[in-house]
Amino acid sequence: MLNQVTQYIDESDPDKVAQDKTLAAKIVVLGMRDDLFVTEGRGSSQGLGYWVNEANPNFVGARTIVNGNNEASTISNIANIYWDALKNI
Numbered sequence: 001m002l003n004q005v006t007q008y009i010d011e012s013d014p015d016k017v018a019q020d021k022t023l024a025a026k027i028v029v030l031g032m033r034d035d036l037f038v039t040e041g042r043g044s045s046q047g048l049g050y051w052v053n054e055a056n057p058n059f060v061g062a063r064t065i066v067n068g069n070n071e072a073s074t075i076s077n078i079a080n081i082y083w084d085a086l087k088n089i
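When the letters of the sequence shown are read in order and numbered with the numbering used here, they come out as residues 1 to 89.
Worth flagging that the hints you see were computed from the coordinates, not collected in a lab.
The reader is advised that the hints may include incorrect statements.
What the hints assert, rightly or not - Estimated spans, in silico, between C-beta atoms of each pair: (1) Ala85 / Asp20: 25 to 31 Å; (2) Ser12 / Asn58: 35 to 41 Å; (3) Lys16 / Asn69: 24 to 30 Å; (4) Lys21 / Tyr82: 17 to 23 Å; (5) Trp83 / Lys26: 17 to 23 Å.
Just so it is clear, CB atoms sit at the ideal spot from N, CA and C, and this is done for glycine as well.
Use the sequences and the hints to build the structure in full.
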């Protein structure tokens, strides 16, 4: 799965990824879905399925996977709105 996005990354200038919003979104989605960002001692040591599940979605905890607690409560509030809307489909 990671090959789907790494083939587009210029290793001499990895910051270019941030400039390409489509590519950056693919990396975040694949990385969170496939637990590619899970590490001990840095970021989250738990994958997305641990933080977001039907019984108890914890979007603040999920935020630690990609960006620590930066804007965690704001993002959690937005995610909860989407979560509630999707539950009713």
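Hint-by-hint comparison with the structure:
1. At about 28 Å, the beta-carbon gap between Ala85 and Asp20 stays in the expected band of 25 to 31 Å.
2. The hinted range of 35 to 41 Å is satisfied by Ser12 and Asn58, whose Cβ atoms lie roughly 38 Å apart.
3. The supplied range of 24 to 30 Å is met by Lys16 and Asn69, whose beta-carbon atoms lie about 27 Å from each other.
4. A C-beta distance of roughly 19 Å is found between Lys21 and Tyr82, which places it inside the suggested range of 17 to 23 Å.
5. Under the hint 17 to 23 Å, the C-beta atoms of Trp83 and Lys26, about 22 Å apart, fit the expected range.
Violated hints for the displayed structure: none, as all numbered hints are satisfied.
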